[in-house]
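Participant: Please work from the sequences and hints to get the whole structure.
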Amino acid sequence: MTASARALGLLAVVLALAPLALPPFFLQLLTEIAIVGLFATAFNLLMGFGGMVSFGHAAYFALGAYAAALLVKRAGVPMLLALPAAPLAAAAGALLFGFFIVRLTHTYFAMLSLAFAQIVFTVIFKWKSLTGGDDGLLDVWPPAMLKSPAAYYYFTLATVALSLFVLHSVSESPFGYALRSVRENPRRARFIGINVRRLQLLAFVISGAFSGLAGGLFAFYNGSVFPDFAYFTKSFEPLVVALLGGAQSFFGPLAGAFGFKILEWLVSRQWPVYWPLFLGTIVVLVIVALPQGFVGLAGGQGWRTRLIRKS
Amino acid sequence: MADPTDPQELVLQTIGLRKHFGGVLAVNGVDLSVAPGDVRAIIGPNGAGKTTLFNLLTGDLTHDSGRIYFAGEEVSGLPPHQLCRRGMGRTFQITSIFRRLSALENVQTAFLSHHRRHYNILTPARRLYRDDAFALLERVGLQEQARKPSGILPHGDQRRLELAIALASGPRLLLLDEPTAGMAPRERHEIMALVARITSDTGLTVVFTEHDMDVVFAVARRITVLHQGSVLTEGSPAAVRANPDVRRVYLGQLTSC
Numbered sequence: 026m027t028a029s030a031r032a033l034g035l036l037a038v039v040l041a042l043a044p045l046a047l048p049p050f051f052l053q054l055l056t057e058i059a060i061v062g063l064f065a066t067a068f069n070l071l072m073g074f075g076g077m078v079s080f081g082h083a084a085y086f087a088l089g090a091y092a093a094a095l096l097v098k099r100a101g102v103p104m105l106l107a108l109p110a111a112p113l114a115a116a117a118g119a120l121l122f123g124f125f126i127v128r129l130t131h132t133y134f135a136m137l138s139l140a141f142a143q144i145v146f147t148v149i150f151k152w153k154s155l156t157g158g159d160d161g162l163l164d165v166w167p168p169a170m171l172k173s174p175a176a177y178y179y180f181t182l183a184t185v186a187l188s189l190f191v192l193h194s195v196s197e198s199p200f201g202y203a204l205r206s207v208r209e210n211p212r213r214a215r216f217i218g219i220n221v222r223r224l225q226l227l228a229f230v231i232s233g234a235f236s237g238l239a240g241g242l243f244a245f246y247n248g249s250v251f252p253d254f255a256y257f258t259k260s261f262e263p264l265v266v267a268l269l270g271g272a273q274s275f276f277g278p279l280a281g282a283f284g285f286k287i288l289e290w291l292v293s294r295q296w297p298v299y300w301p302l303f304l305g306t307i308v309v310l311v312i313v314a315l316p317q318g319f320v321g322l323a324g325g326q327g328w329r330t331r332l333i334r335k336s
Numbered sequence: 065m066a067d068p069t070d071p072q073e074l075v076l077q078t079i080g081l082r083k084h085f086g087g088v089l090a091v092n093g094v095d096l097s098v099a100p101g102d103v104r105a106i107i108g109p110n111g112a113g114k115t116t117l118f119n120l121l122t123g124d125l126t127h128d129s130g131r132i133y134f135a136g137e138e139v140s141g142l143p144p145h146q147l148c149r150r151g152m153g154r155t156f157q158i159t160s161i162f163r164r165l166s167a168l169e170n171v172q173t174a175f176l177s178h179h180r181r182h183y184n185i186l187t188p189a190r191r192l193y194r195d196d197a198f199a200l201l202e203r204v205g206l207q208e209q210a211r212k213p214s215g216i217l218p219h220g221d222q223r224r225l226e227l228a229i230a231l232a233s234g235p236r237l238l239l240l241d242e243p244t245a246g247m248a249p250r251e252r253h254e255i256m257a258l259v260a261r262i263t264s265d266t267g268l269t270v271v272f273t274e275h276d277m278d279v280v281f282a283v284a285r286r287i288t289v290l291h292q293g294s295v296l297t298e299g300s301p302a303a304v305r306a307n308p309d310v311r312r313v314y315l316g317q318l319t320s321c
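Listed in order, the protein sequences are those of chains F and U.
Numbered by the working numbering, the letters in the first sequence go through residues 26 to 336 in order.
Numbered by the working numbering, the letters in the second sequence go through residues 65 to 321 in order.
Heads up, a few of these hints could be off.
[What the hints assert, rightly or not] Computed beta-carbon distance windows for the label pairs:
#, chain 1, residue 1, chain 2, residue 2, range
1, F, 36, U, 196, 45 to 53 Å
2, U, 218, F, 315, 29 to 37 Å
3, F, 136, U, 195, 50 to 58 Å
4, U, 218, F, 27, 26 to 34 Å
5, U, 202, F, 148, 54 to 62 Å
6, F, 223, U, 196, 37 to 45 Å
7, U, 199, F, 312, 28 to 36 Å
[To be verified] One-sided excerpt, in silico: chain F residues whose CB lies under 10 Å from chain U:
#, residue
8, 191
9, 198
10, 203
11, 214
12, 216
For the record, the hints were derived by calculation from the structure and aren't laboratory data.
Glycine residues also receive a C-beta, built at the ideal position from the N, C-alpha and C atoms.
Facilitator: In structure tokens:
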């Protein structure tokens, strides 16, 4: 068994036993960390592996959250059937928007993704009869058996673990290799026979789908959904989390989610107003002193960073 | 070599190829015929249109008029990835590799794409085509560097790696845009000897541009000379060397320097 496999096994045991030792508040915090971790990992399939920085991933998070919430509230569909609609709706949105977005690169890519997300936000905000507008949709709860913090924690943990397993397989698959080659050098990638735009679009759809699943999980955790799920500030959450944790590593965003949420809790508890100031300082420190993010503290992969800083 | 006059037998043919940038006619009605097994050098003074012609052939630029045939089929306007799928391999004037991937991963990815596995999203890729990739790296003399990140390899090794990437796509035509650019004289001859060895082993057709005339005359079987966007002459190295027009064009450039 490799060291990383042992570490994962240990982590699984600790997380599985957590409800025995931790009060409900911390289970909720861990649930939120898992959801943000999934969102940031899905986002980082694009940024870390595909070299595509989206400024509008809140769109797919919100599409997932609203798809699940609307099915429960407006159609009376049970939660366990409504949740799978979250990644499907988000994937459909990612396919539609991504078709246009992957035609652009760098800043233009980021700006168009942001523009589509603002469209999603505006539609949710204005379409009061369907989405409730600014009031959101309330009482979006899971069924009784999943309602306790411990039960929903286990449910989220299992869903996120399965999703991360799938995303990890994707990143290590032939598709994952091809995606890295496109990140490194699109021109060369074309001349090994890769249809770059189509490959990028597939990555966009996979990333959007799992962002949507994170949104769906969050809807039932939160018990309500609001338009600001699609707002641009939400789009920067996975970006910051992935940068903090380490965008060059698959598990970086997960580590980032853990650090981000724990710090947010520690700081907000004492000085609620100053959290953004702390966050900004931490982001600057990490980018300057720890370009590999939190996972860089664990060592390894030094040459990759040297190359990043050189180029 | 097959009959060079039969268009069905030609690997590459262009008819009246033309491209202008603003008011400059960079490529002005180029007719080119490359038979299987040819090792063709395209030479000419700076600004003769070599690189533009190259980019037209590889689909990086689209031409204004004329036609391009590859292996008997018209390929005018096809994008690079489709030309690659049809058997066109290339290297770039500025070394073009996947810098943050290991040399092995560079070649493996090319194999994965060649075998159309790159939309496979769930099987692990680590062991796929690894042996093929090692064998190819050995062929270009990079077996010791296989696990190193390609971006830190010396320039000459990166050129070899790029050649291996191009070969992994199983091309029948290899287009090399100044394969010895930026290399020391000894390295130049090494890499061209490698190209010559590979072509004689496989019967691969090669078209290359090159500034170093020693390299050109040592390797090329036929030479096409471009001047101001048009073909000045074409023939065997001996014939081109003896051609007074070629001498005039190159001498003219020398005196103007």
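Participant: Are the hints correct? Go through all of them and say.
Facilitator: To see whether the hints hold, each was checked on the structure:
For residue 36 of chain F paired with residue 196 of chain U, a C-beta distance near 37 Å fails the hint of 45 to 53 Å. Under the hint 29 to 37 Å, the C-beta atoms of residue 218 of chain U and residue 315 of chain F, about 30 Å apart, fit the expected range. Between residue 136 of chain F and residue 195 of chain U the C-beta distance comes to about 45 Å, which lies outside the given range of 50 to 58 Å. Checked against the hint of 26 to 34 Å, the pair residue 218 of chain U and residue 27 of chain F passes, with Cβ atoms roughly 32 Å apart.
For the pair residue 202 of chain U and residue 148 of chain F, the supplied restraint of 54 to 62 Å holds, since their beta-carbon distance comes to about 57 Å. A C-beta distance of roughly 25 Å is found between residue 223 of chain F and residue 196 of chain U, which places it outside the suggested range of 37 to 45 Å. A beta carbon spacing of about 42 Å between residue 199 of chain U and residue 312 of chain F contradicts the range 28 to 36 Å that was offered as a hint. With its C-beta approaching chain U no nearer than about 8 Å, residue 191 of chain F sits inside the 10 Å limit, and its interface hint holds.
The beta carbon of residue 198 of chain F is positioned within 10 Å of a beta carbon in chain U (closest approach about 5 Å), and the interface hint is therefore held. The closest approach between the C-beta of residue 203 of chain F and any C-beta of chain U is roughly 4 Å, which is under the 10 Å cut-off, so the hint is satisfied. At its closest, the beta carbon of residue 214 of chain F sits 8 Å from a beta carbon of chain U; the interface hint therefore holds under the 10 Å criterion. Because the beta carbon of residue 216 of chain F sits about 5 Å from the nearest beta carbon in chain U, less than 10 Å, this interface hint is met.
Going down the numbered hints, you'll see the structure goes against 1, 3, 6, 7, while the others check out.
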